Amino acid sequence: MQFWIIQGLNSLSLGGLLFLLSSGFSLIFGLMRLANLTHGAFFMLGTYFAAVALRSYEGLNIWVTAIGAGLIVAAIGGLFERLVLARLRTNPLGQVLVTLGMSFIISDACLMLWGGDSIPVPTPQSLQAPTRLFGFVFPTYRLVLVGCAAGAAIVLYVLMERTRLGAMIRAGVDDGQMARAVGIPVSRLFTLVFCLGAGIAGAGGVLGGPILSAYPGLDADMLPLALIVVILGGIGSLLGAFIGSFIIGFVYTFGTALFPELAYIILFLPMIFVIAFRPQGLFGRVLA
Amino acid sequence: MKISRRQFVGGIAGAGIANVTAPSLSFAAQSNDPIRVGLLAAKTGPLASGGIDMDLSLTMFLKERENTLAGRKVDLIVADTAGVPATARTKAQELVEKNNVHCIIGPLAAFEALAIADYLTEKEIPTLGVAAAEDMTQRHPSPWFVRLTSTSAQCAYPLAEYSAKELNYKKIVTIADDFAYGHEMCAGFQRAFEDNGGKIIQKIFTPLATPDYGSYVAQVKAADAIFLGTAGSNGFRFLRQFIEYGLKDKMAVIGGMTALDESVLRNMGDEALGILTTSWYSAELDNPLNKSFAPAFRKQFKYDPGFYAASTYVSGEVLEAALKATKGNVEDKKALMTAIRGSDAETVRGLIKFDEFGNAIGNVYIRKVSKIDGRLVNSVIKTYPDVTQFWTYDKAAFLKNPVYSRDYPPAKNLEP
Chain S
820 MQFWIIQGLN SLSLGGLLFL LSSGFSLIFG LMRLANLTHG AFFMLGTYFA AVALRSYEGL
880 NIWVTAIGAG LIVAAIGGLF ERLVLARLRT NPLGQVLVTL GMSFIISDAC LMLWGGDSIP
940 VPTPQSLQAP TRLFGFVFPT YRLVLVGCAA GAAIVLYVLM ERTRLGAMIR AGVDDGQMAR
1000 AVGIPVSRLF TLVFCLGAGI AGAGGVLGGP ILSAYPGLDA DMLPLALIVV ILGGIGSLLG
1060 AFIGSFIIGF VYTFGTALFP ELAYIILFLP MIFVIAFRPQ GLFGRVLA
Chain B
3 MKISRRQFVG GIAGAGIANV TAPSLSFAAQ SNDPIRVGLL AAKTGPLASG GIDMDLSLTM
63 FLKERENTLA GRKVDLIVAD TAGVPATART KAQELVEKNN VHCIIGPLAA FEALAIADYL
123 TEKEIPTLGV AAAEDMTQRH PSPWFVRLTS TSAQCAYPLA EYSAKELNYK KIVTIADDFA
183 YGHEMCAGFQ RAFEDNGGKI IQKIFTPLAT PDYGSYVAQV KAADAIFLGT AGSNGFRFLR
243 QFIEYGLKDK MAVIGGMTAL DESVLRNMGD EALGILTTSW YSAELDNPLN KSFAPAFRKQ
303 FKYDPGFYAA STYVSGEVLE AALKATKGNV EDKKALMTAI RGSDAETVRG LIKFDEFGNA
363 IGNVYIRKVS KIDGRLVNSV IKTYPDVTQF WTYDKAAFLK NPVYSRDYPP AKNLEP
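As you go down the protein sequences, you meet chains S and B in turn.
Residues 820 to 1107 in this note's numbering are what the first sequence spells out, letter by letter.
Residues 3 to 418 in this note's numbering are what the second sequence spells out, letter by letter.
Careful, some of the hints might be misleading.
What the hints assert, rightly or not - The calculated lysine to any residue pairs, modelled on SDA-like cross-linking and capped at a C-alpha distance of 25 Å, are:
hint, chain 1, residue 1, chain 2, residue 2
1, B, 250, S, 941
2, B, 223, S, 1073
3, B, 373, S, 1005
4, B, 173, S, 875
5, B, 370, B, 272
6, B, 223, S, 826
7, B, 384, B, 163
8, B, 201, S, 1076
9, B, 250, S, 1079
10, B, 336, B, 199
11, B, 336, B, 173
12, B, 293, B, 173
13, B, 301, S, 931
14, B, 326, B, 373
15, B, 223, S, 875
16, B, 100, B, 36
17, B, 373, B, 290
As the list claims (entries may be wrong) - If we take Cβ atoms under 7 Å as the criterion, some of the chain S residues that face chain B in the derived model are:
hint, residue
18, 826
19, 935
20, 1076
21, 1077
22, 1080
Because the hints were derived from the structure by calculation, they are not lab data.
Because the structure is a prediction, the values reported are computed rather than measured.
From the three backbone atoms N, C-alpha and C, an ideal C-beta is built for every residue, glycine too.
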């Protein structure tokens, strides 16, 4: 019993982490049709900011750090989109290559700035004591992380479904050309969404920090996870990213616990099934 | 006889090529050319932490000697392998064929070392290796290769004996990265621990890219201790989660030679205190050479040297001893290799000798994380002298067995 409860909670916390990672990726992919391979690097930047900021300034709050890092990474993402990606609009393959190049630049810059050691991100003081429930122990921070992911999901949902901006983004996702024709500034939306996606990744990197630590190679570890979640959930679908994250969280956690030999492929199995039987993803729509 | 301009140019170019492709034919044994030493180190990518330390400490070693060994200038050529075997292979070739190096130090990871082993043997380049893959000095040794660190399992044996005999641990869980280094170290630990009456009740191997260690931490069975056979950031990340789940209060933590290396310790807090690990080095070693090396390194780079920094420093010391014996003659590669193998050098890790397979025989230290002057260090609590790669086992029988792996020797005491 304890096994199922603990691993269930583990699954939830991993799912929450994955949602913070992949929702931005999904947004960008949905609107811009761009597999942003810099996404893992944006996430890693957030983690490094957290590691450095929280170590240097005692008393700094992780939530403030998350917002700060989110803004900084969003700004970096915005600049990158404006200065580089915008020039390559007609060349989608070139765009993907450029995002890959950018991820190399960021990871090497991190290495130069912060060295090759793994740097821990301290767990917030108030959440360090493990939670004890019915005789079993679980890290409090992981529970809080699930709440963070749920909060982020609600905010994003409201933004996408209940605001004018969200309506414009959805219009752009459904039919970019038509949206342009009726006067929606799609190009500016691209920049905005790219900022937003990068910012969520940066903030997610901060919040994931206490579990993951900042280390060189974090970007490359995270990027495939974002891809898997988004392919599973459906491109451009926020709900898909949310459900997909938790499916992957459960499959991964229970898969590695029950069938350790399958640890390498367990993440890809659900994705393969989805691609075979429902190529648009669980919640993706078939585009006209 | 008149020499046309074309003949002259051709002759010079030909001489140049001959010099590049066949340096061993050079008759100028005592030439004034510098000794060219190649260092293969992963200075970018996930292994960068170790690779950078390898570069820093070897550079420091040479600088202390004003870039002169045995009376000859030394040129150090550092090549970045990025922790990728294919890159290591390209860089090794570049060092040999373009830079024309006389010997090579490194590389760090076993898969890099294996990728270049055959090439370096074919080219007959004396190599002072760091990587731990067992078979490089067991079933497939090369006359051109020595290892100054240890095999994967060499340092695990003493800790296994110590755990069983002095700490009276009965049951231990092992966890390591799922690749040869982790397999070999855990296999060696298991063998020695079970031969001393203990039981390995669970062996966990985690993929190199593991996003979340929570699911593994939650699987750990109740035991006296957990043995970390990890390297680099993964072990560190696992340990943090292990502590977050409150398990450190329930069982002891012990580790292999890289689990709580100085490079890991410098990023840890008091939660690491009391953990026992085993290695052929510690920045705290009390010998005259290390008493000057470790503080000097710390003064310059603001942190303690660990496994990686010590590995290239020891390489430098062994190379210097060999060059002194051959009076700086690096052109005779056979003689240089013989001198390296017979160097018996005093180093920062203590006296090391090489067995007939080229693997170091030297002290192994059991170390305990403690706090001195406000920083975490690995204090030596016990020394096992002159440990060989075969531990107490019979060499011939040892070599007849298959190489250590995930499933060999089989674990008979696993709990369901």
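Taking the hints in turn, this is what the structure says about them:
no.: 1; hint: B:250 <-> S:941; in the structure: holds (17 Å)
no.: 2; hint: B:223 <-> S:1073; in the structure: holds (16 Å)
no.: 3; hint: B:373 <-> S:1005; in the structure: violated (59 Å)
no.: 4; hint: B:173 <-> S:875; in the structure: violated (41 Å)
no.: 5; hint: B:370 <-> B:272; in the structure: holds (13 Å)
no.: 6; hint: B:223 <-> S:826; in the structure: holds (14 Å)
no.: 7; hint: B:384 <-> B:163; in the structure: holds (12 Å)
no.: 8; hint: B:201 <-> S:1076; in the structure: holds (22 Å)
no.: 9; hint: B:250 <-> S:1079; in the structure: holds (23 Å)
no.: 10; hint: B:336 <-> B:199; in the structure: violated (46 Å)
no.: 11; hint: B:336 <-> B:173; in the structure: violated (49 Å)
no.: 12; hint: B:293 <-> B:173; in the structure: violated (38 Å)
no.: 13; hint: B:301 <-> S:931; in the structure: holds (21 Å)
no.: 14; hint: B:326 <-> B:373; in the structure: violated (39 Å)
no.: 15; hint: B:223 <-> S:875; in the structure: violated (37 Å)
no.: 16; hint: B:100 <-> B:36; in the structure: holds (15 Å)
no.: 17; hint: B:373 <-> B:290; in the structure: holds (22 Å)
no.: 18; hint: 826; in the structure: holds (6 Å)
no.: 19; hint: 935; in the structure: holds (3 Å)
no.: 20; hint: 1076; in the structure: holds (5 Å)
no.: 21; hint: 1077; in the structure: violated (10 Å)
no.: 22; hint: 1080; in the structure: violated (9 Å)
Going through the hint list in order, the structure does not satisfy hints 3, 4, 10, 11, 12, 14, 15, 21, 22.
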